[in-house]
Amino acid sequence: MHSIHSDIRKSGIPLIGDLPWGSHICQFYQTKKDMLDILVPYVRTGLENNEFCLWVVSSPLKAEDAEKALKKAVPDFKKYEKKGQVEIIPFSDCHNVKGHGSGGTGQGNSLIVSMLDRAVSKGFDGLRLACHAFPEDGKVFTCNGIDTISRYNALAIFAYPRDKFDAIALMEVVKNHRFALLRNADKWEVIESSEARTVKDALKRSEEKLHSLFSNMSEGFAYHRIILDDKGKPCDYVFLEVNEAFEKLTGLKGKNIIGKKVTDALPGIEKDPTDWIGKYGKVALTGEPAQFESYSEPLKKWFSISAFSPHKGYFAVTFSDITERKQAEQEIIRVKEEWERTFDSVPDLIAILDNRHRIVRVNQAMAKQLGLDADKCVGLPCYKYVHGLDAPPAFCPHSRSIKNGCQHMEELFEERLGGHFIVSTTPMFDKQGRMTGSVHVARNITERKQAEVERERLVEELMRSNRELEQFAYIASHDLQEPLRTVSNYVQLIKKRYKGNLDSDADEFIDYVVGGAAHMQTLLKDLLAYSRVGSGQTSLGLTDLNAALDRATGNLGKLIEDTGTDIQREDLPTVYADGIQIVQVLQNLIGNAIKFRGSGSPLIQIGSERKGNEWVIHVSDNGIGIDPKYFDRIFLIFKRLHSRGSYEGSGIGLAICKKIIERHGGRIWVESEPEKGTTFYFTIPDKR
Amino acid sequence: MNNVTGNPIEVLLVEDNPADVRLMRESLKDSKVRNYLHVVNDGEEAMSFLRREGKYSGVPRPDLIMLDLNLPKKDGREVLEEIKNDPELKQIPVVIVTTSSADEDIVKSYCLHANCYVTKPVDLDQFMKVVHAIEDFWLTIVKLPKKHDMM
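Taken in order, these protein sequences are the chains called L and Z. The opening position of the first sequence corresponds to residue 41 in my numbering, with each subsequent residue numbered one higher. The opening position of the second sequence corresponds to residue 340 in my numbering, with each subsequent residue numbered one higher.
Don't read these hints as lab results, they were simulated from the structure. Any given hint could be a false lead.
To be verified - Below, in silico cross-link-like pairs of lysine-lysine (DSSO-like), each with a Cα-Cα straight-line distance of 27 angstroms or less:
hint, chain 1, residue 1, chain 2, residue 2
1, Z, K468, L, K536
2, Z, K368, L, K598
3, L, K271, L, K293
4, L, K50, L, K215
5, L, K565, Z, K468
6, Z, K371, L, K565
7, L, K162, L, K73
8, L, K536, Z, K447
9, L, K301, L, K271
10, L, K535, Z, K447
11, L, K118, L, K102
12, L, K112, L, K102
13, L, K319, L, K301
14, Z, K368, L, K539
15, L, K669, L, K635
16, L, K408, L, K322
17, L, K301, L, K162
18, L, K635, L, K536
19, L, K301, L, K273
20, L, K536, Z, K371
21, Z, K468, L, K539
22, L, K535, Z, K368
23, L, K249, L, K288
24, L, K204, L, K73
25, L, K50, L, K300
26, L, K288, Z, K447
27, L, K50, L, K288
28, L, K319, L, K273
Stated by the list, open to error - Some chain L residues close to chain Z (C-beta under 8 angstroms, calculated; not the full set):
hint, residue
29, K244
30, Y530
31, L533
What the hints assert, rightly or not - Derived CB-CB ranges, DEER-like:
hint, chain 1, residue 1, chain 2, residue 2, range
32, L, E455, Z, E420, 49 to 55 angstroms
33, Z, C450, L, V499, 51 to 57 angstroms
34, Z, A441, L, G581, 21 to 27 angstroms
35, Z, S440, L, G597, 18 to 24 angstroms
These numbers come from a predicted model, not from an experiment. Glycine is no exception: its CB is placed at the ideal position from the N, C-alpha and C atoms.
Let's have the full structure, built from the sequences with the hints guiding it.
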């Protein structure tokens, strides 16, 4: 790359060659021809290189002379004239020229600056000025104009009348310009000002330093010229210089893009949501520097950019790639937003509290409950705003968390919040392990609480009515026995004493009364047994079903022996149950199996199978079987399938089994086929 | 030692059901032991009898008490407790004769030092058998303290 001022222009004067922007040289003339010799090729070259050319003429040269000479030298002069690229004005029309002796300042600038503006706004690269520097006695272009030129994209030649200067004055002029052109006989010679050279060398050194700085700086640097559309609006820009960091950061190679429009170098940039051209255009046209961070869609990167304009129509940018930082920032923002969304969408009332019960932060639900904006809650003592108290209430779980650094929970009714809440406080710690406060979460459980109360009431009601019913069954069966016994006893006494003394009808009737009383006695006894299953506390414990079966078969020993029943048993598990009740179940089932035996010799098989977390116990027989339509009925109290004549019993046995099994959390059912046999199954939960 | 020839045995029956009282009398009618059956119908009467209060001032001290549990006014359990807590009465054997076969009643009675517990059978023959067994055991087999020893 070149320096910032390296936008090298052709001077059009062979003796001088190329010149950088900002150069001003002078010529000494003696004749009109002298002037035209130098100025015509100079202006022509400007026209050919897209520069705006301004020629200020003065005696002895007239505007017509200049125009005529140019037209001759530039075949398509009209074209340039039409584009407004050239103006020839008489010195007298320049109002910003002041008397030599008046000592004014900046008289030349405004002309040059306004011309430069015009040049840039019309899309020219810069301004090329040719000027009669000492047009009339006592009047001169001041040095301020020269300063302006050196700072902008401008070139200037000042023409001085040779005759008006003595040697000293001539030296003075030469000193002030980069080059001076002097005609010696027929030959033009160039004098380079030693002072200017010194300055040039210094500049060169400083440029080299600058160059090294630009090359080595980690920030990208680029220098551009803005391009305007017909309406004077920025529509593109041209890369003039870039440094190495630019290449590294953008991936664009300087050799490929220098002199190119950005719309060619980075197609689609004009559609980027970041209006790069507009932004830079503003900087280039107003001269106001800009700093911003933006995402470049074509480059897929974030940049931190500062742009400034060293000359109107030009801008330089320095930038760094902040993609990583930006992505990290965006990730932080995303995470933060996600967290906040989550925090705020929780319906529970959440407040983060410090160790002095002051609110650090609340979620939306809590803010709404307090009737304040979330940020207005910060710093408020929670006991005051939540509970309306002057100090934390006794139940406050946060107080306990502060004391011992543990999580605490409390269920409470808070009238101010209109319901029951379950409040948890989870302490938070900093990196040093010091508690900084806690997350205080209050969940409204009013509905659940009400349902719980209602459920408890129902359960209590149910238990009471159950207790009453059992009590009733117990008392009824117990207390009814007393008068029944009296009836039974005395009928028997009558029978004993008077049998045969009354007529035969009386004897028969007495037998019926005795039979009825005995039957009722059985029913009452069974009812009592049934109600007792529910009345006492079940004493659950580890129960070895093998031992329970031993007890059951032991109790039935005589019956088993008398009927020749074969009992085949597998090893049974140990379960969690009330042993006495389980014996009763097994005894009832085995008793039934024997009672309803078929014609062959009775065989009973007892075994178990593990299913999930319960055991299924089965008792199978080869008896008379049960018609499937009675499967449900047999478990009902006092329901019998057979007449009292054929089989004894009140029909309580299976009802008791069902009640016992259900009290253990199990189920009982039957599978059977008439004439083939019956299998009773019951489940009992595994030991817990 | 009680015997057929000696003084009759004094038995106190505490029973509110007249049917049972009568049945008891019928059962004891053909007893081997000469006995005299005193009957009171509630717990308070029973205590008055035992302490020979009021109209019972002249009654003999019973050799055996047959006590029902479910009684009006003072419950049989209370009567049992009072007897067994009374140094003068606690040596008299008390046989609980009741309808209840509840474990609770049985255990409670023995805890209160009942001497035995019998459930009234429904069957008449059984009933009589039980009464005879009580009579046989307590009135003939068992040696009871002599009356002067008890004083």
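Hint consistency between L/K271 and L/K293 [alpha-carbon to alpha-carbon, up to 27 angstroms]: violated (32 angstroms)
Given hint Z/K447 paired with L/K288 - CA-CA distance at most 27 angstroms: violated (103 angstroms)
Hinted pair L/K565 and Z/K468, Cα distance within 27 angstroms: holds (21 angstroms)
Pair hint L/K635 and L/K536, alpha-carbon separation not exceeding 27 angstroms: Violated, at roughly 33 angstroms.
Supplied distance hint 51 to 57 angstroms, evaluated on CB atoms of Z/C450 and L/V499: violated (35 angstroms)
Given pair status - L/K271, L/K301, alpha carbons within 27 angstroms: holds (19 angstroms)
Pair hint L/K319 and L/K301, alpha-carbon separation not exceeding 27 angstroms: Satisfied, since the Cα-Cα distance of roughly 16 angstroms is no more than 27 angstroms.
Hinted pair L/K112 and L/K102, Cα distance within 27 angstroms: Holds: L/K112 and L/K102 sit about 16 angstroms apart, inside 27 angstroms.
Given pair status - Z/K368, L/K535, alpha carbons within 27 angstroms: At roughly 18 angstroms apart (the allowed maximum being 27 angstroms), Z/K368 and L/K535 satisfy the hint.
L/K536 paired with Z/K447 [C-alpha distance capped at 27 angstroms]: violated (36 angstroms)
27 angstroms Cα cutoff - pair L/K301, L/K273: holds (16 angstroms)
27 angstroms limit on alpha-carbon distance, applied to hinted pair Z/K371 and L/K565: violated (34 angstroms)
When each numbered hint is compared with the structure, violations occur for hints 2, 3, 6, 7, 8, 10, 16, 18, 26, 27, 29, 33.
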